[in-house]
Structure formats: structure tokens, C-alpha cells
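Position 155 of the sequence shown, counting from 1, maps to 155 under full-length UniProt numbering, and the rest follow consecutively.
Treat the hints with care, since some could be wrong.
[As the list claims (entries may be wrong)] FRET-style restraints, in silico, Cβ to Cβ:
hint	residue 1	residue 2	range
1	G71	G93	26 to 36 Å
2	G55	D111	22 to 32 Å
3	A19	G133	33 to 43 Å
4	S23	T126	19 to 29 Å
5	T126	P190	30 to 40 Å
6	A19	G55	44 to 54 Å
I should point out that these hints are in silico values taken from the structure, not numbers from a laboratory. Even for Gly, the Cβ is constructed at its ideal location relative to N, Cα and C.
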Amino acid sequence: MKKITALAAALGALTITAAHAASLTIAPDADGTVQVFGGDSVITDDASLNVTQSGGLARNAIFEFDLSGIGDDATITGATFSITLSRFVSNTGGNPAAVDLFAYGGDGVIDISDFGAAGAQVVDTTIPAGGSGGTVFDFTFTDVATLQSLLVSDLLTLRMETDSFASIAIQALEASNGGAASLTINFDVPNGPAIPIPAAAWLFAAGLGGILRFRSKR
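I would like the entire structure built from these sequences, with the hints used as guidance.
Spelled out as C-alpha cells, the structure:
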């Protein structure tokens with residue numbers, strides 16, 4: 001009897017907890033720009049966020065996100081930040097404009113400290129100069145570790161920067177024609193029902209049949 005019990009326990013262990021993939025797209029609760037070079041300013045009510053870097057002016061865009069729609073036990077598998085231009089992209093010599101995105105724990109408030117707050121760089125890329133209002137760009141995170149760690153606190157801040165005299169204007173929450181930035185997060189939810197491991201399902205069935213045959217002979 002002990003051998004039968006041990007076999008049943010071993011076969012029953014050949015299961016995994018099902019995880020299913022999910023995706024959530026969220027808009028920021030707040031957006032705005034912060035500037036410390038060329039005079040300190042915090043602007044949160046414009047229809048356009050103007051991200052600029054030059055010799056005498058530096059302005060970054062800030063986005064505050066609420067992550068409470070994702071459970072703390074989820075596993076982040078990817079993230080994409082999307083913006084819509086409100087006008088063409090400019091840079092000296094027609095060069096591409098840098099897009100640098102930093103992620104860190106948020107507080108839901110945009111203030112001057114967000115200009116240079118420490119964060120993990122999650123996007124490091126460029127977009128071409130030119131274009132026009134309404135053009136959409138999607139930026140895939142190269143690192144989701146910070147995003148994962150912030151599921152407990154639920155507050156995420158993203159800071160968008162550029163450099164080398166570039167200027168990027170994007171739609172804000174206040175834009176009358178929509179197109180505000182958004183964040184799409186892909187994740188796995190691990191709290192599904194236990195299921196047999198596919199590769200071991202035949203072994204589970206065979207073992208169970210053996211137990212039943214053994215008992216019928218007794």
C-alpha cells in the first residue's frame with residue numbers, strides 16, 4: 001500500500017500551475033514637462049509636451065502611471081511606450097533625434113525634482129527628423145526589471161529626454177484630438193489551476209492505470 005501511495009504522489013507531482021498571458025494598455029494619470037536650464041518651470045496643462053535639448057534650454061517630459069491594474073504576483077514579460085507627434089521632429093543638420101526613456105518609482109505628482117531623478121534607462125533609440133503631427137512611435141523597453149519591482153507600490157514615473165539640439169513635440173492628455181502617450185504592459189498571471197505537464201501526461205495516465213490494475217488483482 002505504501003508503494004502505491006508513493007507512486008500516486010510522484011505522479012501527482014508531475015503538474016504545473018498554469019500561467020496565462022495578459023496585456024494591459026494604460027494612459028498616464030498625469031503628464032507634463034519640467035525644465036531647469038533656461039529657467040525652472042513645471043508645465044502640466046499644455047496640449048503638447050515639448051521635449052527639447054540645446055545649449056541654453058533643456059526640457060523633459062514626465063508621465064505618471066498607476067500600475068494597480070496588474071497583480072503583484074504577475075511576471076512582466078515586456079512593455080511598449082507609445083507617443084503621437086503634435087508636429088515635425090527637428091534637429092541640427094536634419095539628424096535623427098535621440099529618445100531616452102527612464103523609469104523610476106513615482107509619487108503621482110510632477111514636480112521639478114523629476115527633471116533629473118535617478119532611474120533605470122529602458123529606452124535608448126532615435127527617431128528621424130521631419131515627419132508630421134499624428135505620426136505614432138512605439139518604443140519597446142529593453143529592461144523591465146524596474147517595472148516589475150514597482151508592481152508592489154503601483155506607481156511608475158517615466159521621463160523622456162532628448163539631446164544634441166533636438167526638439168520633439170508630442171500629444172498631451174489635454175490635446176483636444178486625443179493621441180496622448182500610453183504604456184502597454186505584457187505579463188503572465190501565475191494563479192491558474194494546476195494542470196499536468198504535457199510531456200508527462202502519458203506517464204501520469206499509465207501510472208494511474210497501473211495502480212488500478214494492482215488493486216483489482218488483490
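To see whether the hints hold, each was checked on the structure:
In this structure the hint that G71 and G93 lie 26 to 36 Å apart at CB is violated, the actual value being about 48 Å. For G55 paired with D111, a C-beta distance near 25 Å keeps the hint of 22 to 32 Å intact. At about 41 Å, the CB distance of A19 to G133 agrees with the hint of 33 to 43 Å. For the pair S23 and T126, the beta carbons lie near 26 Å from each other, so the given range of 19 to 29 Å is met.
Checked against the hint of 30 to 40 Å, the C-beta distance between T126 and P190 comes to roughly 37 Å, which is consistent with it. Taking 44 to 54 Å as the suggested C-beta distance range, the pair A19 and G55 conforms, at roughly 51 Å.
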